[in-house]
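**Student:** Sequence:
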Amino acid sequence: MARDRWSEEEAWSWYEKAGPIRGCNYTPRTAVNQLEMWQAETFDERTIREELGWASALRLNSVRVFLHYLAWEVDPEGFKKRLDRFLEIAQKHGIQAMLVLFDDCWNQEPKPGPQEPPIAGVHNSRWAASPGRSRVLDRSCWERLEEYVKDVVGSFAKDGRVLAWDLYNEPGNTGMGERSLPLVEAAFEWAREVEPSQPLTVGLWADYGDRMHRRFAELSDVVSFHTYDPPGVVEAKARTLLAYNRPLVCTEFLRRQVGNTFAAVLPIFARHRVGWYFWGLVAGKTQTYYDWSCTPERPCYAPPKIWQHDLLYPDGTPYDLEEVRLLLYWAEIGERFFRGSRG
Numbered sequence: 005m006a007r008d009r010w011s012e013e014e015a016w017s018w019y020e021k022a023g024p025i026r027g028c029n030y031t032p033r034t035a036v037n038q039l040e041m042w043q044a045e046t047f048d049e050r051t052i053r054e055e056l057g058w059a060s061a062l063r064l065n066s067v068r069v070f071l072h073y074l075a076w077e078v079d080p081e082g083f084k085k086r087l088d089r090f091l092e093i094a095q096k097h098g099i100q101a102m103l104v105l106f107d108d109c110w111n112q113e114p115k116p117g118p119q120e121p122p123i124a125g126v127h128n129s130r131w132a133a134s135p136g137r138s139r140v141l142d143r144s145c146w147e148r149l150e151e152y153v154k155d156v157v158g159s160f161a162k163d164g165r166v167l168a169w170d171l172y173n174e175p176g177n178t179g180m181g182e183r184s185l186p187l188v189e190a191a192f193e194w195a196r197e198v199e200p201s202q203p204l205t206v207g208l209w210a211d212y213g214d215r216m217h218r219r220f221a222e223l224s225d226v227v228s229f230h231t232y233d234p235p236g237v238v239e240a241k242a243r244t245l246l247a248y249n250r251p252l253v254c255t256e257f258l259r260r261q262v263g264n265t266f267a268a269v270l271p272i273f274a275r276h277r278v279g280w281y282f283w284g285l286v287a288g289k290t291q292t293y294y295d296w297s298c299t300p301e302r303p304c305y306a307p308p309k310i311w312q313h314d315l316l317y318p319d320g321t322p323y324d325l326e327e328v329r330l331l332l333y334w335a336e337i338g339e340r341f342f343r344g345s346r347g
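Oh and the sequence shown: position 129 is 133 in my numbering, straight run, nothing missing.
Just so you know, these hints were derived from the structure itself, not from any lab. Hints should not be assumed to be uniformly reliable.
For each label pair, taking beta carbons as the anchor points, the in silico distance ranges come out as [stated by the list, open to error]:
no.	residue 1	residue 2	range
1	Gly158	Pro121	32 to 40 Å
2	Glu326	Arg53	22 to 30 Å
3	Tyr305	Arg275	37 to 45 Å
In silico DSSO-like cross-links for lysine-lysine, where the CA-CA straight-line distance does not exceed 30 Å [unchecked claim]:
no.	residue 1	residue 2
4	Lys289	Lys96
5	Lys154	Lys115
6	Lys21	Lys85
7	Lys21	Lys84
8	Lys115	Lys21
C-beta: ideal position from N, C-alpha, C; glycine also.
I would like the entire structure built from these sequences, with the hints used as guidance.
**Tutor:** Rendered as structure tokens:
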């Protein structure tokens with residue numbers, strides 16, 4: 005019998021034990037997308053070890069990592085062995101993982117095997133939706149999707165190296181709309197049937213007040229959200245979400261062009277005891293330092309003067325040393341804010 009959604013008390017108990025969450029969304033610089041990260045031929049353990057070492061030096065204690073259904077479908081046991089190895093490396097650096105199973109963003113008909121190289125001057129040009137539009141809409145595929153969720157979550161359901169499960173990234177994006185909601189609901193049901201000790205969540209990312217986003221919050225053990233907005237909007241969104249009376253974790257932020265910076269946003273998160281993950285540790289093949297406006301139709305060939313996402317150059321040098329100082333500063337004083345009263 006599936007476990008229920010956590011009570012508020014259970015959610016807060018987990019959050020107090022987890023401590024201040026300071027993390028980033030992580031893809032190794034040598035991977036153009038999730039498939040290149042997780043497939044056997046391109047799983048780059050050396051780079052992962054190096055980059056998670058950099059993350060640890062920055063006092064990050066978690067990474068949000070995107071899995072991919074097709075990497076599992078082709079090689080379930082090998083995929084789980086590579087995931088286990090990733091978690092082992094992360095643990096050695098004092099890092100826990102939030103694992104993402106499904107994703108509606110970007111290229112909608114992914115294929116396993118060798119991935120195309122990045123398109124020059126284009127933001128996240130080869131990112132692969134998981135499982136992809138056709139499988140989301142065709143319920144004859146769902147039996148296999150259920151096996152994926154239950155196998156992966158079930159295999160790591162009691163594993164302390166896994167901090168949380170983010171079951172579905174930005175459901176409805178890339179034109180999917182509410183057509184993704186049934187799979188979101190099914191994913192929660194499937195995951196709860198294997199009784200994970202970690203919380204389940206799906207992040208609010210667009211209109212926090214619409215039916216679909218309210219449903220994400222109603223299903224989640226802890227409430228997660230994305231905000232690439234100016235600081236005043238970040239503050240307003242955080243205050244709105246406090247009404248759920250559950251721990252808040254911002255699983256995506258950092259868009260320097262609109263003032264969504266470490267200097268502006270981290271104090272807001274500290275004030276409201278919000279855990280956080282910024283987008284992008286190392287500039288690499290995903291090219292997420294380019295703006296969203298840099299598309300295949302309108303590539304941006306000149307290097308951006310202001311990076312949208314990402315923190316480090318490929319050799320580990322900071323894009324902005326002051327940002328590193330801020331991360332270390334908030335790691336030092338964040339505990340004081342975290343142990344304060346809720347809200």
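**Student:** Against each hint, give a clear statement of whether it holds in the structure.
**Tutor:** Okay, the hints, checked on the actual structure:
1. Gly158 - Pro121: 32 to 40 Å: 35 Å, holds
2. Glu326 - Arg53: 22 to 30 Å: 27 Å, holds
3. Tyr305 - Arg275: 37 to 45 Å: With a Cβ separation near 41 Å, Tyr305 and Arg275 satisfy 37 to 45 Å, so the hint holds.
4. Lys289 - Lys96: 26 Å, holds
5. Lys154 - Lys115: With a Cα-Cα distance of about 22 Å, the restraint between Lys154 and Lys115 holds, given a limit of 30 Å.
6. Lys21 - Lys85: 28 Å, holds
7. Lys21 - Lys84: 27 Å, holds
8. Lys115 - Lys21: The hint is violated at about 40 Å.
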